[in-house]
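Q: So you can see what is in the structure, the chains are spelled out below.
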Amino acid sequence: MVDLSVTLAGVKLKNPIIPASGTFGYGREYAELYDLNVLGSFSFKGTTEEPRFGNLQPRIAEAPAGMLNAVGLQNPGIDAVIDQEVPHMATLFHGPLIANVGGFSLREYEDNCRKLNDCAPVGILEVNISCPNVHAGGQNFGSDARSAAQVTRAVRAVTDKPVFIKLSPNVGDIGAIARACEEAGANGICLINTVLAMRIDLDRRRPLLANRTGGLSGPAIFPIAVRMVWDVYEAVKIPIIGCGGVASAEDAAELMMAGAAAVEVGAANLRDPYTCKKIIEALPALCSRLGVNKISELTGGAHT
Amino acid sequence: MVDLSVTLAGVKLKNPIIPASGTFGYGREYAELYDLNVLGSFSFKGTTEEPRFGNLQPRIAEAPAGMLNAVGLQNPGIDAVIDQEVPHMATLFHGPLIANVGGFSLREYEDNCRKLNDCAPVGILEVNISCPNVHAGGQNFGSDARSAAQVTRAVRAVTDKPVFIKLSPNVGDIGAIARACEEAGANGICLINTVLAMRIDLDRRRPLLANRTGGLSGPAIFPIAVRMVWDVYEAVKIPIIGCGGVASAEDAAELMMAGAAAVEVGAANLRDPYTCKKIIEALPALCSRLGVNKISELTGGAHT
Amino acid sequence: MKESCFTLEKIRTLTEDTCELILRGDTSAITRPGQFVNLALPEKFLRRPISVCDWWEDTLVLLIRAVGEGSRCLTQSRPGTVFNVLSGLGNGFATSSAGARPVLVGGGVGAAPLYGLARRMAQVGTAPTVALGFRRAVDALYIREFEALGCRVMTATEDGSLGTRGFVTDSMAEACWDYAYVCGPTPMLRAVCDLPWLTDGQYSFEARMGCGFGACMGCSISTVHGSRRVCKDGPIFTREEIVW
Amino acid sequence: MKESCFTLEKIRTLTEDTCELILRGDTSAITRPGQFVNLALPEKFLRRPISVCDWWEDTLVLLIRAVGEGSRCLTQSRPGTVFNVLSGLGNGFATSSAGARPVLVGGGVGAAPLYGLARRMAQVGTAPTVALGFRRAVDALYIREFEALGCRVMTATEDGSLGTRGFVTDSMAEACWDYAYVCGPTPMLRAVCDLPWLTDGQYSFEARMGCGFGACMGCSISTVHGSRRVCKDGPIFTREEIVW
Ligand SMILES: Cc1cc2nc3c(=O)[nH]c(=O)nc-3n(C[C@H](O)[C@H](O)[C@H](O)COP(=O)(O)OP(=O)(O)OC[C@H]3O[C@@H](n4cnc5c(N)ncnc54)[C@H](O)[C@@H]3O)c2cc1C
Ligand SMILES: Cc1cc2nc3c(=O)[nH]c(=O)nc-3n(C[C@H](O)[C@H](O)[C@H](O)COP(=O)(O)OP(=O)(O)OC[C@H]3O[C@@H](n4cnc5c(N)ncnc54)[C@H](O)[C@@H]3O)c2cc1C
Ligand SMILES: Cc1cc2nc3c(=O)[nH]c(=O)nc-3n(C[C@H](O)[C@H](O)[C@H](O)COP(=O)(O)O)c2cc1C
Ligand SMILES: Cc1cc2nc3c(=O)[nH]c(=O)nc-3n(C[C@H](O)[C@H](O)[C@H](O)COP(=O)(O)O)c2cc1C
Ligand code: FES
Ligand code: FES
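So the sequence lines, in the order shown, correspond to chains Y, X, F and Z. For the first sequence, the working numbering gives the first residue as 1, with consecutive numbering after it. For the second sequence, the working numbering gives the first residue as 1, with consecutive numbering after it. For the third sequence, the working numbering gives the first residue as 1, with consecutive numbering after it. For the fourth sequence, the working numbering gives the first residue as 1, with consecutive numbering after it.
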């Protein structure tokens with residue numbers, strides 16, 4: 001019997017597979033297909049203070065081995081999420097949930113995390129810092145070490161729950177940003193978010209997405225995610241949730257060997273809604289092939 | 001009759017399609033398959049001062065919709081390139097060649113460009129700044145605006161030929177780096193080089209490439225290239241050679257609408273050695289469909 | 001929703017760019033005309049949403065117009081090809097809410113879901129009137145199939161090469177219907193919606209989809225009830241819900 | 001080198017993971033045994049290099065061992081499948097340089113290019129002796145095919161379930177050959193190269209390839225003459241060129 005359990009900053013998950021925020025809604029649609037309790041956890045759709053409609057249509061574009069999205073953090077706002085969605089999610093999934101938190105100012109991140117602190121079903125706060133800072137000309141919080149650390153410090157101060165900072169890959173030195181988050185008190189790092197990209201509609205001669213740019217996700221970005229998880233593993237001691245292009249158990253193991261303690265699966269769920277379930281079912285045989293009894297032994301296994 | 005010609009900083013090419021450096025050698029192998037004179041130009045393998053064997057095996061890995069390479073600038077050194085390869089290339093291709101120049105110090109870039117300045121068949125110097133600076137702890141010249149500008153200034157001073165700086169995509173703000181190069185005297189920008197990536201061999205529990213990391217290229221990076229060309233087009237006035245994942249005439253047109261005056265084709269040549277020829281043959285019909293008589297009208301066409 | 005494999009049994013060319021595909025597989029998740037299926041293609045990451053044209057027992061009928069690489073690949077498939085399909089997606093048409101004199105209005109391949117609807121209406125009562133718009137006569141499709149159900153079919157073509165010259169709305173001058181089921185390109189939906197005498201009906205919408213089953217918010221549009229997902233809350237929206 | 005399409009005509013299972021593929025297409029670019037072809041797969045970006053096992057007129061024979069997704073997909077292909085192939089790649093074996101008593105040494109699927117070589121040697125003179133190494137008896141392949149050419153075949157298996165127990169070099173105790181043609185996994189090449197009495201021969205190398213036709217420098221290895229491309233200058237290197 002292979003032990004699939006992993007521990008993320010003290011939070012124990014029955015296995016390392018976690019649907020990534022924005023690709024699993026609040027679990028409802030998938031719960032019609034399979035029992036969500038097979039999952040390690042799930043990271044629900046990014047929450048902001050106010051309800052957000054998100055960007056105009058079109059919001060989705062095709063890419064080689066992947067897709068672009070510019071959904072724009074559509075969600076009903078933190079109060080509705082806490083009052084309606086979290087209690088419902090708790091009926092679908094009985095383990096610790098991961099709350100993905102957005103924000104357009106330090107104050108908003110703080111307020112959102114403070115409110116989520118009282119939500120018992122939420123085990124981990126995953127703070128998405130790929131949001132533009134309205135007080136700094138719209139530059140992303142995740143684009144430099146200083147502002148990443150600021151967000152970390154702000155949310156760290158208002159919650160007892162473990163805080164994982166979810167990094168943007170659109171930076172030069174991801175290790176430096178992860179280190180700044182660790183020094184500012186982060187309990188873990190999640191990476192990568194989507195890669196900034198664009199498609200153009202040749203006939204309309206305009207960017208295809210109404211938002212012009214979108215985030216690239218799916219298998220196309222997998223080798224980028226492996227490299228960045230590797231870099232962050234070399235840079236910090238706190239646990240890493242790896243994410244980006246995972247579509248199979250082998251991919252999950254590869255991200256773990258690069259340094260991930262657990263693995264999020266995003267776009268692959270959209271193409272095949274059973275992806276996470278299939279990966280989890282394939283993990284024991286893969287661990288045997290790779291000669292480990294505890295899957296957690298894979299973490300960082302390719303570093304020497 | 002559609003006019004396919006484009007002009008890059010005064011250098012006229014009969015069409016915008018250019019095989020990318022490192023994927024076309026010195027043209028020999030492709031010249032056995034088709035007459036290279038159908039090409040707009042070609043950018044030959046990156047040249048360094050000393051002969052380089054490059055990295056250890058393995059140097060190549062598979063990726064979804066792409067590949068990783070860690071060839072490591074294998075080349076016979078600038079003197080052998082100028083004495084043997086350039087004269088031979090001039091027999092295969094009668095238009096202006098693009099010389100891709102590497103370097104591990106400002107002095108090396110300068111010396112290489114000074115030597116190439118006397119090479120008549122070379123029309124454009126394409127300076128690859130994704131090389132580590134041995135005098136600055138191995139940080140890439142292309143990773144910040146200041147060192148990118150330094151290289152630009154150094155090479156600009158030693159040659160009369162147009163200088164295109166080839167940017168690394170592994171940065172936060174590509175527009176800022178392009179602007180710094182423009183201000184330092186660059187005549188054009190080429191982008192993108194490969195995206196830093198990694199694959200791990202699960203059975204060996206080691207990075208697959210001997211060099212650990214490699215550069216991701218091929219269709220997977222196309223939407224990233226479109227976005228970065230778009231950003232640089234907004235940031236500078238000098239012409240742009242777009243590159244990254246192009247595999248079809250439609251892809252080339254998309255990069256041109258994003259802002260490219262000409263387009264390089266890299267990894268796609270390795271899978272299908274006839275790619276450039278096929279793209280060039282498909283361009284007239286595509287231009288007609290898109291309603292342009294001169295392909296150069298596509299450049300920047302999606303910006304408003 | 002159900003994930004299962006469908007095998008292409010027969011493919012028939014309807015016009016220069018449109019084919020009818022007859023597939024064999026498990027159709028049990030399909031409950032209403034106007035629903036759609038989402039087909040996975042080996043070379044494409046995103047699935048392709050296609051309306052159910054008709055279905056029975058283990059048979060699924062789709063009409064596909066080649067507009068890009070994915071749909072072209074579908075129209076060029078050979079019998080025997082197996083597709084991974086998510087079936088039974090979307091709300092579908094609610095036939096119970098129709099008025100006494102319904103009309104089905106289709107533009108181009110938008111005729112597809114109306115056929116399944118018309119067949120079911122004909123089965124339980126009278127065959128509805130159908131108004132179909134095409135660019136040219138050579139683009140016309142499924143007219144005989146609707147007629148075989150007993151439907152009166154009115155056609156319009158932009159160049160007048162078949163039926164009324166103009167848009168599908170121009171073929172509907174009688175104005176004697178009180179309810180419309182509409183599917184076609186957005187400008188057509190809007191033109192039908194703007195007919196002053198046709199105040200009630202159900203409209204099928206399109207949007208680029210990430211998942212097709214409600215999870216990603218990729219397809220959200222504004223309605224009078226706020227944001228709604230075309231894939232899950234739609235693709236059918238009633239006239240009073242629509243915000244243009 | 002030639003780019004063309006080959007159609008899979010027949011596929012035959014040789015062992016639990018290895019198949020023989022008979023393909024039909026234009027073999028005119030293939031000039032020597034030991035050359036390879038590079039097959040494009042729709043789902044993979046890089047082509048897969050495979051040695052020519054044998055060829056004649058419009059027929060190409062390949063032996064493929066499933067080791068990963070690409071090769072598994074090849075061994076599971078159905079007759080009728082069409083592959084885009086770059087054929088006639090690499091230098092191939094030079095038969096003129098052989099000594100008086102040559103031996104062909106293969107490990108596993110490395111037997112493939114030796115078969116085409118043996119057939120040609122048998123045609124113009126005497127059938128050579130062949131030494132083949134496998135893991136177990138069930139992994140053995142092509143022994144009968146070599147014997148049918150008139151070759152004497154010596155086998156070794158790691159577990160002793162067929163022939164000599166041990167490595168292929170253990171089956172060669174006679175030490176009565178003066179020239180070797182060798183193809184197999186790198187440790188095997190090295191073991192043969194280290195045989196003190198076998199100082200001459202040609203060795204087939206493998207490397208991960210970007211292009212397979214000499215353009216990308218992805219496959220370069222060090223030789224006594226400096227850097228050489230496995231795909232273009234090789235895959236066959238003479239013993240004196242090799243640097244381990
Ligand atoms: C609910 C619904 C039902 C549909 N029913 C049919 C039908 O019965 N027959 C038919 O021929 N077509 C139908 N379509 C449109 C069909 O989905 C697109 O024509 C098809 O996806 C285009 O794919 P492509 O690869 O050929 O084009 P590309 O333009 O290359 O596709 C690129 C991406 O954009 C998406 N896309 C492009 N056009 C559309 C569109 N009009 N609607 C939604 N997504 C689009 C594709 O799915 C893909 O993700 C329907 C669309 C929806 C949303
Ligand atoms: C000159 C030459 C001749 C060959 N002849 C044969 C043959 O006749 N029969 C046969 O079964 N195999 C042969 N091989 C090995 C064969 O190319 C690999 O087994 C195959 O490419 C593996 O692909 P995959 O997708 O199954 O494995 P994966 O490991 O998924 O492949 C990933 C990438 O690595 C490359 N790769 C993996 N293993 C090898 C390898 N051993 N050599 C080169 N590239 C590799 C693949 O081509 C691909 O680019 C030969 C290799 C070379 C270089
Ligand atoms: C449609 C969609 C919506 C997303 N929404 C969010 C979000 O709300 N918050 C967030 O942190 N990441 C969001 N992401 C990013 C994913 O969680 C994930 O980091 C990224 O897609 C890379 O993983 P993948 O390649 O497996 O999809 C979204 C991704 C997609 C495709
Ligand atoms: C095998 C290989 C070798 C390369 N060598 C060089 C090089 O010497 N100099 C350089 O500037 N870029 C080099 N590149 C990068 C390409 O020129 C190109 O910028 C990159 O691959 C992205 O384009 P593509 O996706 O079309 O391949 C190389 C790429 C590959 C695949
Ligand atoms: S396409 Fe994902 S919610 Fe509609
Ligand atoms: S694989 Fe490209 S040079 Fe050998």
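One should not assume that every hint holds.
As the list claims (entries may be wrong) - Over the 10 Å line for every Cβ pair with chain Y, so calculated as not near, a few chain X residues:
{"no.": "1", "residue": "61"}
{"no.": "2", "residue": "91"}
{"no.": "3", "residue": "114"}
{"no.": "4", "residue": "123"}
{"no.": "5", "residue": "136"}
{"no.": "6", "residue": "138"}
{"no.": "7", "residue": "227"}
{"no.": "8", "residue": "230"}
{"no.": "9", "residue": "236"}
{"no.": "10", "residue": "245"}
{"no.": "11", "residue": "278"}
Said to hold, decoys possible - Within a straight-line C-alpha distance of at most 35 Å, the following computed DSBU-like cross-link-like pairs (lysine-lysine) qualify:
{"no.": "12", "chain 1": "X", "residue 1": "277", "chain 2": "X", "residue 2": "12"}
{"no.": "13", "chain 1": "X", "residue 1": "278", "chain 2": "F", "residue 2": "2"}
{"no.": "14", "chain 1": "F", "residue 1": "2", "chain 2": "Z", "residue 2": "2"}
{"no.": "15", "chain 1": "Y", "residue 1": "12", "chain 2": "F", "residue 2": "2"}
{"no.": "16", "chain 1": "X", "residue 1": "14", "chain 2": "Z", "residue 2": "44"}
{"no.": "17", "chain 1": "Z", "residue 1": "2", "chain 2": "Y", "residue 2": "278"}
As the list claims (entries may be wrong) - Incomplete in silico selection of chain Y near chain F, CB under 8 Å:
{"no.": "18", "residue": "22"}
{"no.": "19", "residue": "31"}
{"no.": "20", "residue": "60"}
{"no.": "21", "residue": "63"}
{"no.": "22", "residue": "66"}
{"no.": "23", "residue": "69"}
{"no.": "24", "residue": "77"}
{"no.": "25", "residue": "84"}
{"no.": "26", "residue": "87"}
{"no.": "27", "residue": "91"}
{"no.": "28", "residue": "104"}
{"no.": "29", "residue": "105"}
{"no.": "30", "residue": "106"}
{"no.": "31", "residue": "270"}
{"no.": "32", "residue": "274"}
{"no.": "33", "residue": "277"}
Hints in this document: simulated from the structure, not taken from any laboratory. Idealized CB from N, CA, C, for every residue including glycine.
Q: Now tell me, hint by hint, if it's right for this structure.
A: Here's how the hints hold up against the structure:
In this structure residue 61 (chain X) is not separated from chain Y by more than 10 Å, as the shortest Cβ-Cβ distance comes to only about 8 Å. Its beta-carbon lying about 36 Å from the closest one in chain Y, residue 91 (chain X) satisfies the requirement of being farther than 10 Å from that chain. Separation of residue 114 (chain X) from chain Y is adequate, the least Cβ-Cβ distance of about 30 Å exceeding the 10 Å criterion. Distance check on residue 123 (chain X): its Cβ is at least 29 Å (rounded) from any Cβ of chain Y, clearing the 10 Å threshold; non-interface status holds.
Remark: the non-interface label on residue 136 (chain X) is consistent with the geometry, its nearest Cβ contact in chain Y lying 14 Å away (cut-off 10 Å). Against the 10 Å criterion, residue 138 (chain X) stays outside the reach of chain Y, whose nearest CB is about 13 Å from its own CB. For residue 227 (chain X), the condition that its CB be more than 10 Å from all CB atoms of chain Y is violated, with the nearest at approximately 4 Å. At the 10 Å boundary, the C-beta of residue 230 (chain X) falls inside the reach of chain Y, the nearest C-beta of that chain being 6 Å off.
Every Cβ of chain Y is farther than 10 Å from the Cβ of residue 236 (chain X); the closest lies at roughly 17 Å, confirming the non-interface assignment. Annotated as non-interface, residue 245 (chain X) brings its C-beta within 10 Å of a C-beta of chain Y; the closest such distance is 7 Å. Every Cβ of chain Y is farther than 10 Å from the Cβ of residue 278 (chain X); the closest lies at roughly 17 Å, confirming the non-interface assignment. This hinted pair checks out: residue 277 (chain X) and residue 12 (chain X) have alpha carbons roughly 19 Å apart, not beyond 35 Å.
For a cut-off of 35 Å, the pair hint linking residue 278 (chain X) to residue 2 (chain F) is broken: about 42 Å separates their Cα positions. A C-alpha spacing of about 46 Å is found between residue 2 (chain F) and residue 2 (chain Z), which places the hinted pair above 35 Å, so the restraint is violated. Our distance criterion of 35 Å between C-alpha atoms is met by residue 12 (chain Y) and residue 2 (chain F), whose separation comes to about 32 Å. Only pairs whose Cα atoms come within 35 Å are accepted, and residue 14 (chain X) paired with residue 44 (chain Z) is accepted, the gap being roughly 33 Å.
Note on residue 2 (chain Z) and residue 278 (chain Y): the hinted pairing is violated, with a Cα-Cα distance of about 42 Å set against a maximum of 35 Å. A hinted interface residue such as residue 22 (chain Y) counts as satisfied when its beta carbon comes closer than 8 Å to some beta carbon of chain F; here the least separation is about 7 Å, so the hint holds. Taking 8 Å as the C-beta cut-off, the interface hint given for residue 31 (chain Y) is violated, the closest approach to chain F being about 11 Å. A least Cβ separation of about 4 Å between residue 60 (chain Y) and chain F falls short of the 8 Å threshold, and the interface hint therefore holds.
At a threshold of 8 Å, the smallest CB-CB gap from residue 63 (chain Y) to chain F is about 7 Å, leaving the interface hint in force. Checking residue 66 (chain Y) against chain F by beta carbon gives a least distance of about 5 Å; that is within 8 Å, so the hint holds. A least Cβ separation of about 6 Å between residue 69 (chain Y) and chain F falls short of the 8 Å threshold, and the interface hint therefore holds. Because the closest C-beta pair between residue 77 (chain Y) and chain F is about 12 Å apart, greater than 8 Å, the hint is violated.
The interface hint given for residue 84 (chain Y) is violated, since its Cβ lies 14 Å from the closest Cβ of chain F, which is over the 8 Å cut-off. For residue 87 (chain Y), the suggested interface contact is broken, since its CB lies about 19 Å from the closest CB of chain F, more than 8 Å. Checking residue 91 (chain Y) against chain F: minimum C-beta separation of about 18 Å lies over 8 Å; hint violated. Hint status for residue 104 (chain Y) relative to chain F: violated, with the closest Cβ pair at about 18 Å, above 8 Å.
Annotation: interface hint on residue 105 (chain Y) violated; nearest CB of chain F at approximately 23 Å, more than 8 Å. At about 26 Å, the closest approach between the beta carbon of residue 106 (chain Y) and any beta carbon in chain F exceeds 8 Å, and the interface hint on this residue is violated. At a threshold of 8 Å, the smallest CB-CB gap from residue 270 (chain Y) to chain F is about 4 Å, leaving the interface hint in force. For residue 274 (chain Y), the interface hint holds, since its Cβ comes within 8 Å of a Cβ in chain F; the closest pair sits about 7 Å apart.
The interface hint given for residue 277 (chain Y) is violated, since its Cβ lies 11 Å from the closest Cβ of chain F, which is over the 8 Å cut-off.
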